[in-house]
Structure formats: structure tokens, C-alpha cells
Amino acid sequence: MAPKADSMTYDEPRLADYTYDSTIDRGSIDMPFALLTLVLLTVGVIMVLSASFARAYYDPTNETGGNATYYFVRQALFALCGVGVMFVCSRFPMGFYRHISGIVMMVSIVLLVLVLIPGIGDKVNGARRWINLGFTTFQPSEIAKIGVIMYFSVLICQLKNKIANFREGLLKFAVVLGIVCGLLVLEPHMSAIIIILAIGMVMLFLGGLPLRWFITGGVAGASLLGLGYAVFPYVRDRFYAWLNPFADASDAGYQIVQSLYSIGSGGLLGLGLGNSRQKFLYLPEEHNDFIFSIVCEELGFIGAMLILVLFALLIIRGYWLAMHARDRYSALVGAGITTHLAMQVILNVAVCTNSIPCTGISLPLFSYGGTALLLQMAELGIILSLSRDIVEKR
Amino acid sequence: MFKKRREKKEASSVNRMMLRRTLFLMIVCGIVAFILLGARLFKLQIVDHDMYETAAVEQQLRQTNIPAQRGTIYDRNMNILAMSATVSNIYISPAEIKANEEDPVVIATRLSEILGVDYATIYEMTSHTDSWYSTVARKVEDDVADQVRQFKEEGYYDKDGEHMTFTGVKIEEASKRYYPYGTLACHVLGFTGMDDHGLAGLEYYYDDLLAGKNGRIVRATNAYGTDMMFTKFEDYYDAEDGQSIVTTIDETVQRYLEKHLETAAADYDLLDGAAGIVMDVNTGAILGMASLGNFDPNDYLAVSPEAQERVDTAMIDVPEDRDTLLAEERNLQWRNKALTETYEPGSVFKIITLASGLESGAVTTHSNFYCGGSLNVLGRTDPLNCWNVYGHGNETLTEAAMYSCNIAFTMMGQMIGAERFYKYLHAFGLFDRTRIDLPGEASSLWWSEDVFFNKANLSQLAAASFGQTFTITPIQLITAVSAVANGGYLMEPYLVSEVLDSDGNVVSQHEPTVVRQVISEETSRTCCQILEQVVSGQNATGKNAYVAGYHVCGKTGTSEDVNYEVEHGEKKYICSFLGFAPANDPQVAVLVLCENPGPESKVGASGGNMGAPTVGKILQDVLPYLGVQPEYAEGEEGLVDVRMPRLIGKTLDEARELLAKVGLSVKSVQGDGAAVTAQLPAPNAKIAGSSEVIIYCGGEPDMTPEQMPNLLGLSYEIARIRAGWQDLYIRGEGVMINSNDILTVSQSIEEGQLVEPGTVITMTLADSSLGATART
Numbered sequence: 000m001a002p003k004a005d006s007m008t009y010d011e012p013r014l015a016d017y018t019y020d021s022t023i024d025r026g027s028i029d030m031p032f033a034l035l036t037l038v039l040l041t042v043g044v045i046m047v048l049s050a051s052f053a054r055a056y057y058d059p060t061n062e063t064g065g066n067a068t069y070y071f072v073r074q075a076l077f078a079l080c081g082v083g084v085m086f087v088c089s090r091f092p093m094g095f096y097r098h099i100s101g102i103v104m105m106v107s108i109v110l111l112v113l114v115l116i117p118g119i120g121d122k123v124n125g126a127r128r129w130i131n132l133g134f135t136t137f138q139p140s141e142i143a144k145i146g147v148i149m150y151f152s153v154l155i156c157q158l159k160n161k162i163a164n165f166r167e168g169l170l171k172f173a174v175v176l177g178i179v180c181g182l183l184v185l186e187p188h189m190s191a192i193i194i195i196l197a198i199g200m201v202m203l204f205l206g207g208l209p210l211r212w213f214i215t216g217g218v219a220g221a222s223l224l225g226l227g228y229a230v231f232p233y234v235r236d237r238f239y240a241w242l243n244p245f246a247d248a249s250d251a252g253y254q255i256v257q258s259l260y261s262i263g264s265g266g267l268l269g270l271g272l273g274n275s276r277q278k279f280l281y282l283p284e285e286h287n288d289f290i291f292s293i294v295c296e297e298l299g300f301i302g303a304m305l306i307l308v309l310f311a312l313l314i315i316r317g318y319w320l321a322m323h324a325r326d327r328y329s330a331l332v333g334a335g336i337t338t339h340l341a342m343q344v345i346l347n348v349a350v351c352t353n354s355i356p357c358t359g360i361s362l363p364l365f366s367y368g369g370t371a372l373l374l375q376m377a378e379l380g381i382i383l384s385l386s387r388d389i390v391e392k393r
Numbered sequence: 000m001f002k003k004r005r006e007k008k009e010a011s012s013v014n015r016m017m018l019r020r021t022l023f024l025m026i027v028c029g030i031v032a033f034i035l036l037g038a039r040l041f042k043l044q045i046v047d048h049d050m051y052e053t054a055a056v057e058q059q060l061r062q063t064n065i066p067a068q069r070g071t072i073y074d075r076n077m078n079i080l081a082m083s084a085t086v087s088n089i090y091i092s093p094a095e096i097k098a099n100e101e102d103p104v105v106i107a108t109r110l111s112e113i114l115g116v117d118y119a120t121i122y123e124m125t126s127h128t129d130s131w132y133s134t135v136a137r138k139v140e141d142d143v144a145d146q147v148r149q150f151k152e153e154g155y156y157d158k159d160g161e162h163m164t165f166t167g168v169k170i171e172e173a174s175k176r177y178y179p180y181g182t183l184a185c186h187v188l189g190f191t192g193m194d195d196h197g198l199a200g201l202e203y204y205y206d207d208l209l210a211g212k213n214g215r216i217v218r219a220t221n222a223y224g225t226d227m228m229f230t231k232f233e234d235y236y237d238a239e240d241g242q243s244i245v246t247t248i249d250e251t252v253q254r255y256l257e258k259h260l261e262t263a264a265a266d267y268d269l270l271d272g273a274a275g276i277v278m279d280v281n282t283g284a285i286l287g288m289a290s291l292g293n294f295d296p297n298d299y300l301a302v303s304p305e306a307q308e309r310v311d312t313a314m315i316d317v318p319e320d321r322d323t324l325l326a327e328e329r330n331l332q333w334r335n336k337a338l339t340e341t342y343e344p345g346s347v348f349k350i351i352t353l354a355s356g357l358e359s360g361a362v363t364t365h366s367n368f369y370c371g372g373s374l375n376v377l378g379r380t381d382p383l384n385c386w387n388v389y390g391h392g393n394e395t396l397t398e399a400a401m402y403s404c405n406i407a408f409t410m411m412g413q414m415i416g417a418e419r420f421y422k423y424l425h426a427f428g429l430f431d432r433t434r435i436d437l438p439g440e441a442s443s444l445w446w447s448e449d450v451f452f453n454k455a456n457l458s459q460l461a462a463a464s465f466g467q468t469f470t471i472t473p474i475q476l477i478t479a480v481s482a483v484a485n486g487g488y489l490m491e492p493y494l495v496s497e498v499l500d501s502d503g504n505v506v507s508q509h510e511p512t513v514v515r516q517v518i519s520e521e522t523s524r525t526c527c528q529i530l531e532q533v534v535s536g537q538n539a540t541g542k543n544a545y546v547a548g549y550h551v552c553g554k555t556g557t558s559e560d561v562n563y564e565v566e567h568g569e570k571k572y573i574c575s576f577l578g579f580a581p582a583n584d585p586q587v588a589v590l591v592l593c594e595n596p597g598p599e600s601k602v603g604a605s606g607g608n609m610g611a612p613t614v615g616k617i618l619q620d621v622l623p624y625l626g627v628q629p630e631y632a633e634g635e636e637g638l639v640d641v642r643m644p645r646l647i648g649k650t651l652d653e654a655r656e657l658l659a660k661v662g663l664s665v666k667s668v669q670g671d672g673a674a675v676t677a678q679l680p681a682p683n684a685k686i687a688g689s690s691e692v693i694i695y696c697g698g699e700p701d702m703t704p705e706q707m708p709n710l711l712g713l714s715y716e717i718a719r720i721r722a723g724w725q726d727l728y729i730r731g732e733g734v735m736i737n738s739n740d741i742l743t744v745s746q747s748i749e750e751g752q753l754v755e756p757g758t759v760i761t762m763t764l765a766d767s768s769l770g771a772t773a774r775t
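Protein chains in written order, with numbering that gives the first Met the number 0: chain Y, 0 to 393; chain S, 0 to 775.
It cannot be assumed that every hint is accurate.
Okay, derived cross-link-like pairs now, DSSO-like style, lysine-lysine, Cα gap no bigger than 27 Å in a straight line [claimed, not checked]:
| # | chain 1 | residue 1 | chain 2 | residue 2 |
| --- | --- | --- | --- | --- |
| 1 | S | Lys-138 | S | Lys-212 |
| 2 | Y | Lys-122 | S | Lys-158 |
| 3 | S | Lys-649 | S | Lys-685 |
| 4 | S | Lys-169 | S | Lys-158 |
| 5 | Y | Lys-122 | S | Lys-97 |
| 6 | S | Lys-570 | S | Lys-601 |
I should point out that these hints are in silico values taken from the structure, not numbers from a laboratory.
All chains should be modelled from the sequences, with the hints used to inform the complete structure.
So, in C-alpha cells, the structure goes:
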């Protein structure tokens, strides 16, 4: 038993030691990462204005009262708060996060249970995913994603090489993932399950789990997918609509066909900022999950690629920071959060372009949604926090 | 120490693995995935850009049609033969019904009630929610459209109690074609289809002109079909209304033509109907053209009851076969036989042989022929027989025409010679289409020159000289004969004389087109003299075409449809007559074809029995209508109105002489003075010929008014005599023909009114069998 044997770890302080900004000798935040985040956030908020004003104006769901800037103003306010949250989070030392990881995980699970209770969780389109706080709503699954990243990182640090031992290592991860995914199945929330499972896999991958387990996991995942395909008719429908979106362009394939129309009609240079036609109620979720389609329509191939490059740079920088993190926990959390960001971006764009079957995944920093944005900014804040500990940058 | 180093090494290897794996993720998630997504975007935005843009624009733009008003078709007196009126198309937009959550059951129920369309059909339409346009009913009248509009506006109350209209129910302006005279001139007019474009006749031929150009409004709209905010994209294309055409058809002439063809069809049991053309010989203008059986262009798909019965009794179980049969019947009724079919003209063609012979100098009016009943023709194994097997004996050229002698005309053909004969036929336009402005004109069928010009076989020439072994269209024949009649000028027949723009201004006018002069005016005059004898000569074949007061020329023709006999094993005759009048200055030509007389016919099947009387009746109606002055023979003068001479101051004898000059006589002489002091009726009054006037020699007439008698329903003569009982006089208007059918239909002073003696009452006469007041 030699906890101090690992030179990367140091004496575990108590939580009380991690008061806000207690470590005055920390370095500055990583400017490239912070700037990329702010640029993408700004473009994202502008795109919310452009994409949402038609729906806000026509107000088919009686939500905005015909105020064309309704979504934009709310998103802009949340973005401002988000910037604050990011910088606040960047001030907390990494030890603090390590310390609260278990608590975050516990809170996530409690919230995932609460959301299932009618009266607390709002039922929308047959699924109970939202908790209404009165002034805003949020999805516990979003917190669960951070919870899994943080808690798995702590577990990996504690288990070290025992991770491959099924009883002592792998089982613990499996139990946590099982509980979280089980609760998400009850909502149900397919896309969240996919992302959380993927995050879990990636954390184990980073933690050094031998590759054979991933082969086993891959086979298991494929079988699960096959099972889902066989058991749930709506999964089958999704697959069919994915492969033949134009076969039922008015119903099952409607969303994806409209998205393809938007992207395709953008061409090289796009219709110009604000000039999308598809946003006039043709494309559903145009300021939300499909905001990237409007980006493509208005800014064209050039504009869309520019934004994708900015995202790629942010992601690469995120991994780079994780690789240079001062300790194992920071490295794991940094890589986990970056992977979460990357996955959301890649899957969202893949859905918009009909590269994968349609599922509800939002585009970080772009999609409309206040609490989700705040949580994303908090995650990015944690990466900025770990970047402070890197002595030699670049 | 050792242990520690080993642990350190172990730890760093773990870290190296973590770094490797993080780097792997960085490459996969930060580079590879984005390259793939970039490639995908390239495919969608650059490679397939056009496809998606087209599809997107198609859904974003809405077109609203502004229908152009189709032009009117007038007859030559500006009577409307075809016109368009605005009606409505009712359609629904299932996509909007769904989007606005309107109740498809309510919509289907009400529309079904209002429009009489099956409920299930409409309800089924509403289920195709990707459609923006499903037509429920086409071309409904205004009152029905108003009911739909009312239903749409009344709308419903949604769950919030708000009043909503049925936005998914749409009313679109459309236009409908009306043919006020029904079946009249149906083959000339043709008809228009569902899309308001001409499918036959003038409607088809002049479609570009009549149709105009539909306008449209193109707007960019949001998914709910309302305007796209900020994106002000709207294009407006004005509709250009169609132009109108004034035809040469005369509604009255057409009516006469169709009436007498129908009579012929009934009297002669014509199994294949009848066809007829009335042409202005001097211009080529078609005044009337008919092809029985008729159809109603207002409902051009409906077949006659007889045809429907034929289809119904055909014992066919397969619906497709029934449809085929029905389609055949339709094609049959839509045929304009005067134009689209060729036939053997038979003896009518002798007019052309005669004209060619005279013009070429091969024969003269002094030529003589001998007909022994048959003639050996080079190339024929059996002798050629004349229709009169006993032979016509010695005959002049005129007699050969009068008796329609085949032998004489065969000789005439040989005198002309095959080459020269064909040259004249070419000149008469019999090898070319007439280029009349109607669709579907058939082309004639002739022997090739090497067969026809064969010196060793004259049988083709022989048959052709009396109108057999070739086929031409009726319009070709009447056009060629018109050239014989009008001084030798081959005219291009035409139907449209003027084109008017939508405001009624003349855009273009058709001037009569002379194709060429075929024969000299002198030859033409000679032909007319000879052909008049065919009608008025003693025992002539065309005597049934005689019309009192007019010198009618003409030629009979009885031909067999050889192909029909081969196919059906029975003989089919086409009994025709071509007449024109008046002989000294031909104005109008009439060709009538009576096809396939059946066993119920009242007379024998021949052109003289069937064609000639029909043409005669048509000319009897048409000539006075066209204002051709009659020249009455004895006994016919009572039909002519005359001017009452001024008798006052004249002696009685002088007065009688003056009256006799104009065909009037004296009923009574009042007083015994030497000179006339008063007269009834007044000088210069126009009264009916043969009227009896009253002369006063001293003293004044008793002008006590008397009650006006009823003179209606009488012949002109009886009315004149009846009026004379009360010292009243009549003059006539309308159809002034000596015929049992022509009766008085109105009088200028009503029965019971007080009238002074000597008053002239204007009577209108009309053909009572026509059932309508004739035009004056």
C-alpha cells in the first residue's frame, strides 16, 4: 500500500484546503483555448439570432408571443452568464474537482431518479427528460455526463493497474454506467445513453484498460444495437429514414430532408448571413439541433468549414492540454471533457448531414438552450483550470 | 530503491500509454472525423448543390396562376359561336389542412354535399399530407363556388374558441368554354379539353392565338404558405388574354345546311351520315361545313344515344374493351368528313373533266358524242358500260353532261390525253391539300404517273374522267369546282376572316387568296351554261336541285366505296351533288354527300335522288338569305314586293297600264270620273306583288278604321288575300320562297288594333319547319 509511490500524485489534501483561488502560484489560463471558445460562442449566439427569428416571429407553438428576438435575447444572456461561469470554474484548483467528483456523480443519479417522478420531470413527446425549475429547465443527463467524466477519472486514479481486474476494477465502472444508463432508458433518452456510454468507454480507454476489453465491448455494443433494432420499432424507423430519407419526405424523413435542402442550397458561399429560407418553418429545430444546417445554408461550404476548423482546433487544443496536465486526474478529466465536446460536435454535424441516423444531439456553443450552455461553459472552465497548472506551455 | 524505481517505471509506462491513447483520440476526434465531415459537406454543398437547391426552391416558391381569357369565336355576323366564361376550380391543400389542424371529416363532408363529389374520394385526398394541391372539382359555376367560399369563410372554432377559416380549401379561378349554339358547326369549331386548350377544329388550329398566355404570381413563402418575412421575393407575370377570331361561317347558313342534311339522313336512311360544305365561290370562304352525326362541343365526350346503345349492347364484360369501343365511337363522331376523309367523287368530277376538256380545246360546245351503251377501252378486257346500258345515242356536249354519260366523258378524257388531264388536275389543286385553316385535312390518292400515262392501257384515264379509281376530299372537290364557277380562279378555302385582340380591335384580316387561274373566264362561263342545263334541262339528272327564281348549276354523283365492299361484302354508295348559283354570276357552291343509304330510304340511291334535292333545298334557303336577287319565272312574281305607282291624275286606262307594269291589278274602281282622284294604298308604298288595289275616280275613300285581323301562320299569298278583304296590304320580310313550309310568323301591327284601309302591314316570313325566326 503505497499511495505516494506514484510521483504524479501528491498528498491528498482535504477539501477545505481548496478554497477558491487558494493557490496563488497557479499560472494563467490557456489563451488559445479560451479565445477559440469565446469566438465560437459569439458566432453561435449570432447564429441563434439568425436561425430562430422566423420561428420566434411566427410563433407556431405559442411560446414567444411573436417576439422575433425572444430566443436570441435569452441565449445571449445565458452566453454572458456562461462566460462568467467558465472563468469562475477556471479559478477552482483541480484538487477541488477531484474532491467533489463523487458528489457530482451522486447528485446526477439523484436528479436522474427525480426526473422520472411525474410532477418534477416534464414529459415532452413521450419522454421525461427535463426538470422545470420555474425560470428555466434543464436535463439531468447533461450533469450526468460531467459526473461520469469526473467520477471515472477519480476511480481510474485510485485503481491504477487494477482497472483490468474485473471484480475490483471494471465492475465498479460497469455498475455506475449501468445505473446511469438504466435510469436514462426509463426516461427514455437514447442520445444521452450513447454519449454517456461512449464517454465511459473513452475514460476506460484512457485509464489503460487492455484493448481486448474494447473488442468485447464493441461486439457487445453492436449486439445491443442489433437488439434495439430488433425490439424497438422506432429504432428501425430511424434506420430506414436514415437510409431512404426521400422515401417518406413528408413524415419520417421530413426533418432530415429539410436539413439536406438547407445544407445543399447553401452551396459554396451560402445565401448570406440572415438569408436562410429554410428557417421559415421548413426546417424543424432550426435554432436547436439543426442550427448547423442553417449555418451551412447561410454561410455556405466556406463558412461551415471555417466553423468546423475552429471546433477542431478547440478539440485538438483540449487534448493537447490534457496531455500536458500536471497530474493524472487532470489529464483524464481534460481528455474526457474534450472527448465529450468532440463527440457532440461530430455527432451533431453527422446527424445534420444525414451521415448517421437522426438522433437529438445539440451542437455545443451553438444550439439554443440555456442550462446546457452553462454546463458546457463549466466543463470548458475546468479545462481552463487544468491549463493553469501546466508549467511550460507550448 | 529498486522497488521504487520499478514502480516509477511502471507508472511512467502507464502514463506513456495514456499519452498515446490521448494522442490517438486527438487524431481521431480532432482530425480524422472532421476530414470526413468536411468531405460530406463538400458532397452536399458543392457536388449535389443544384439538386438540393432546386428541390428547396420548389418548396419555398408558390405559384398562383392567373388564367388568360380564351378568345371568342364569332360567325361572320359577329354571333358568338364559342366563348369563355370565368368559373372556379375547387381544390384542397392536404398539407395545410394538416398543418392548421383542420378537420378533414368536416371538409370532406361539406365539399361532398356542395360539389356532389364522393365523400370517400375527398377524404382520401386529405390523407396525402405532402400534397399542396388536390383538385376536388373542376370548372364549377359561380353559385356553387360561392357556396364553397361561404363554407370556407364560416370556418370553425378551434379549441381556444378562436374563429378560424378553412385555409386548406381553395378556390381557383378558371375558365370554361361555352358553345351557345350547341351542336351547330361542331366539327368546324372543335372543342377544348380540361386544360382549356383546343383539341380539335378551329379551337385546335388557332389555339396559340385563342389561348393567350396565362399569367402567374411567384412568391417565396414559409412552410405555412404565407409570405416569407423580410425576403420580399415576388414576381408577377401578367396574363395576356387570347385573341378572338371572326369566322366565315354564317350561323344561319350553317343552320340551313345542317337542317337539310338531317332531313336527308332521315329520309334516305343514311347509315354513315351526311356531309356538306357551303362555300363562297368567289373568295373561298366557308359559309357552312357540317358532318353528321353531330356532337355537342359543350360535352364533347358524350356520344349519341345510338352510339351509346351500340356500346352497351356490345356484350363486353371487360371494362377496358368498353372504353376502347367508346373511344372509337368518339373518334367517329369527332371526324370532320368534309375534310379528313377522301372518297371517290364519281360523276360530280365530270365538271372538272368538262372544264379541262373545254379549256384545253380538246372539246368545244359543238362537240358531239355517240354512246351505244358500252365502249371498248385500250387495256380493258371487257367493254366499259355506260350507266344507261341502252346508250344515250347521239349527244351534244351539254347533253352528255345533262345525262351524265360515262361513254362521252371517257371519250373526252381520251381527247384530252392522260398527261394533259393530269396537268389540269394539278392546276385544280387536286394533288395538294387545300391548306384550309382546319386540322386533319387528308390528302388525295391518285394513280402514279407511270401507270396513268401508260399508252397501252387507257383504263385508268377512262375511269378517272368520270370520277373513279382515285380519291379526294370533299373540300378539294368544292374548291376545284368553285374555280370552274368563279371565272377560273382557284381559291384557297378559309374559315377565319379576321383576328381581333381582346379589346375587339382588328389585328389582322384574311384577304381571299387566289392560288392560280386554272381556266379562262370564257371556259368558266361555258361550263356554267352547260351545268345549268344539268339542273334545268329536260330530263336532266340534276333536276331535283331546281330552285324557283334561281338558275342553279350542278352535277350529280353516285359513287361506290370499293374498299367498303371488299371489307363488308355489301355495297356502300355515296350519293352526292355539287350545285352552285346563280348561273350567270355564281356566288355560292354547295356540296352534299349522302353516305351509305340504307334499306329504309324513301328513294333510290343516286346523287340525283338524294344529293340534288338536298342541295336544292339548301340553295333555296341560302340564296335569298345571302341577298341574291331572284329572277322569277311566271307564277312566282307574287313573292316579290313592288312599289305602288302614283295614279292620281291619270286616266283609268293609264292607271291600269301602270299597275300591270309592276304586276298589280285593280280590285275595284269607286266613282265614275275620268281621272283618278285617290288610291289605296298610297303612292310609293311597297306592297306584295299581285296585290289588288282600289282606285277612286271622284270621291274620297272611306277611312273608317277597322280592327286588324290575325294574319299569322299563313302562306304569303293567303295572307295577302286575307288582308285584301279589309282593304289592307302586306309586304314581306324574311324568307321569300314559294314553299309550303314558309309561313308568316309575325305582323307589324298587332291583331285587334285599329287600322285605316290601305295600311301596309309588314309580315315576317320564316320556314315554319325551322322553328325560329329567320334573320332579315
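Hints versus structure:
Among the hinted pairs, Lys-138 (chain S) with Lys-212 (chain S) is consistent with the structure: their alpha-carbon atoms are about 19 Å apart, no more than 27 Å. The hinted pair formed by Lys-122 (chain Y) and Lys-158 (chain S) meets the criterion: a straight-line CA distance of about 22 Å does not exceed 27 Å. Restraint check for Lys-649 (chain S) and Lys-685 (chain S): satisfied, since their Cα atoms lie roughly 20 Å apart, inside the 27 Å limit. Between Lys-169 (chain S) and Lys-158 (chain S) the alpha-carbon distance is near 23 Å, which keeps this suggested pair within the 27 Å criterion.
Proposed proximity of Lys-122 (chain Y) and Lys-97 (chain S) is supported: the alpha carbons are some 24 Å apart, at most 27 Å. For the proposed pair Lys-570 (chain S) and Lys-601 (chain S), the alpha carbon gap of about 18 Å is at most 27 Å, so the pair holds.
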